[in-house]
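Letter by letter, the chains look like this.
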Amino acid sequence: MNPLDYKFLSEFLQSNSGLHLGENKEYLLESRLTPVAQSLGLSGIGELIQSLKRMPTLELKTTVVEAMTTNETLFFRDSKPFDDLARQMIPEIMEANKTQRTIRIWCAASSTGQEPYSIAMQLRESFPELSSGWNVKIVATDIDGQILAKAQQGQYSQFEIQRGLSIQRLIKYFDKNEKGWQLKPEIRNEISWKQLNLLKDFGMMGQFDIIFCRNVLIYFTPEVKKQILDRMAKHISHNGYLILGGAETILGISDAYYRAEGCLSASFHPHSTKSSGVTALR
Amino acid sequence: MVKILLVDDSRTVRLVGRRMMEKMGFEVLEAEHGEDALVVIGKHPDVTAILLDWNMPVMNGLDFLKALRALPLPKQPSVVMCTTENDMGHIMEAMDAGANEYIMKPFTEDIVRDKLEVVGIL
Ligand SMILES: C[S@@+](CC[C@H](N)C(=O)[O-])C[C@H]1O[C@@H](n2cnc3c(N)ncnc32)[C@H](O)[C@@H]1O
Ligand SMILES: [Mg+2]
Chain A
647 MNPLDYKFLS
657 EFLQSNSGLH
667 LGENKEYLLE
677 SRLTPVAQSL
687 GLSGIGELIQ
697 SLKRMPTLEL
707 KTTVVEAMTT
717 NETLFFRDSK
727 PFDDLARQMI
737 PEIMEANKTQ
747 RTIRIWCAAS
757 STGQEPYSIA
767 MQLRESFPEL
777 SSGWNVKIVA
787 TDIDGQILAK
797 AQQGQYSQFE
807 IQRGLSIQRL
817 IKYFDKNEKG
827 WQLKPEIRNE
837 ISWKQLNLLK
847 DFGMMGQFDI
857 IFCRNVLIYF
867 TPEVKKQILD
877 RMAKHISHNG
887 YLILGGAETI
897 LGISDAYYRA
907 EGCLSASFHP
917 HSTKSSGVTA
927 LR
Chain B
26 MVKILLVDDS
36 RTVRLVGRRM
46 MEKMGFEVLE
56 AEHGEDALVV
66 IGKHPDVTAI
76 LLDWNMPVMN
86 GLDFLKALRA
96 LPLPKQPSVV
106 MCTTENDMGH
116 IMEAMDAGAN
126 EYIMKPFTED
136 IVRDKLEVVG
146 IL
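Heads up: the sequence lines are chains A and B, in that order. First residue of the first sequence: 647, per the working numbering; consecutive thereafter. First residue of the second sequence: 26, per the working numbering; consecutive thereafter.
This is chain A alone, in the form it adopts within the complex:
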């Protein structure tokens, strides 16, 4: 791939999805975009780039962005956040919200759905009392509309249901059909889905007790990360939590948060909630 094409695609991805390609990702571009070009009847990446320059329709741009964002995920990924939910976060939030009896959780890059569905399973197993009289909302968003549609169906392959899911949970929550494994409505109906690009305004999302933002910021430059994290802090309620991926941190990126005590996962409280807590006490 010639350097100008590489530069064009890097900038295109950066501005349309926030994806920070960095250097030496020719292989990644070729392996992801060659099938896209072929499916559009083009001879290869060269022609695809020409089309992006000449006629950048929303459809074409979306197709390219979706092909480049990695969707890898699995059920109960890293397991620690789910232990923290059961042991600390949900009990705390239930105590804090016992009057209004609501819990709101946002899964900010839900990919094919394993993460929000794992949250729903964990809540059902650890807090059966939530099913009566509590209003629990789990909102799952992703930039990729196709992946979101797949997530919503709750239909998984034999490979997918064997990653991270215990056999007991498979028996409990899935039915087998001709296509593979279908998640039962009791878990499927727990999630609200919405297409959302984290680079854009998400002011309409409202307040959450917990935000899962795992394994998505890794694609962005430090400036973009900071910008997203700072905006997210405003959507986390008093003593609420932000959960990042196992290998991620906010250290040196955003100072809107401090590390949450007692958690084994990469979990943080936003400062604003802490200071407002202090003000409330005064």
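Note that these hints are calculated values from the structure, not bench results. All C-beta atoms in this analysis are idealised placements derived from N, C-alpha and C, irrespective of residue type, glycine included. Errors might be hidden in some of the hints.
Below, a sample of chain B positions facing chain A; criterion: calculated Cβ distance under 7 Å [as the list claims (entries may be wrong)]:
# : residue
1 : E110
2 : M113
3 : E126
4 : Y127
5 : I136
6 : D139
7 : V143
Simulated restraints, written as ranges between beta carbons of each label pair [what the hints assert, rightly or not]:
#  : chain 1 : residue 1 : chain 2 : residue 2 : range
8  : B       : G145      : A       : G826      : 23 to 31 Å
9  : A       : Q684      : B       : D135      : 27 to 35 Å
10 : A       : Q799      : B       : G145      : 26 to 34 Å
11 : B       : R36       : A       : L686      : 42 to 50 Å
12 : A       : E705      : B       : M26       : 24 to 32 Å
Derived SDA-like pairs (lysine to any residue); straight-line CA-CA distance at most 20 Å [claimed, not checked]:
#  : chain 1 : residue 1 : chain 2 : residue 2
13 : A       : K825      : B       : V144
14 : B       : K130      : A       : F820
15 : B       : K130      : A       : E824
16 : B       : K130      : B       : V144
17 : A       : K818      : B       : H115
For chain A, the structure is supplied; the task is to place chain B with the ligands on it using the hints.
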């Protein structure tokens, strides 16, 4: 070193499985069918986990599992059923007979790793 017993009548499966699990740091023992596996367990009662095929000549995996669970071992090993049988009926039957986990073939290294983690030996 933690001992894992691989029971499968297919040499290829045993070869692939052995490679994966040696990489994970286990000592790997092999058996070709259930009866063979009972002999190995007699010699190595300290096996921590068993990866167990279902369809095998001489003694199949389910019969072996039942026989194993009746043995007076100091500590019963974790059994991960590992088979191409992939319907709910077979899964339930294996779990009822005392399996701890269930892998549907073909398996990948990620799946084996995840399942050994779920049964708590990784
Ligand atoms: C590796 S998956 C992470 C899935 C899940 N959170 C987990 O940790 O297993 C990354 C997801 O981020 C999504 N994504 C990438 N850029 C995004 C953006 N700008 N806004 C929202 N989602 C984005 C991708 O579509 C992909 O589904
Ligand atoms: Mg066999």
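Results for each hint:
1. E110: Violated. Min distance 12 Å.
2. M113: holds (6 Å)
3. E126: At 5 Å from the nearest chain A Cβ, E126(B) passes the 7 Å test, so the hint holds.
4. Y127: Since the shortest Cβ distance to chain A is 4 Å, the answer is holds.
5. I136: Status holds, d = 5 Å.
6. D139: Holds: closest Cβ of chain A sits about 6 Å from D139(B), inside 7 Å.
7. V143: holds (5 Å)
8. G145(B) to G826(A): 23 to 31 Å: Holds - the Cβ-Cβ distance for G145(B) and G826(A), about 27 Å, lies within 23 to 31 Å.
9. Q684(A) to D135(B): 27 to 35 Å: holds (29 Å)
10. Q799(A) to G145(B): 26 to 34 Å: holds (32 Å)
11. R36(B) to L686(A): 42 to 50 Å: holds (46 Å)
12. E705(A) to M26(B): 24 to 32 Å: Once the Cβ atoms are compared, 56 Å apart, the range 24 to 32 Å for M26(B) and E705(A) is violated.
13. K825(A) to V144(B): Not OK: K825(A) and V144(B) at ~28 Å, beyond 20 Å, violated.
14. K130(B) to F820(A): holds (18 Å)
15. K130(B) to E824(A): holds (17 Å)
16. K130(B) to V144(B): Judged against 20 Å, a Cα distance of about 18 Å means the pair holds.
17. K818(A) to H115(B): holds (15 Å)
Hint violations for this structure: numbers 1, 12 and 13, all remaining hints satisfied.
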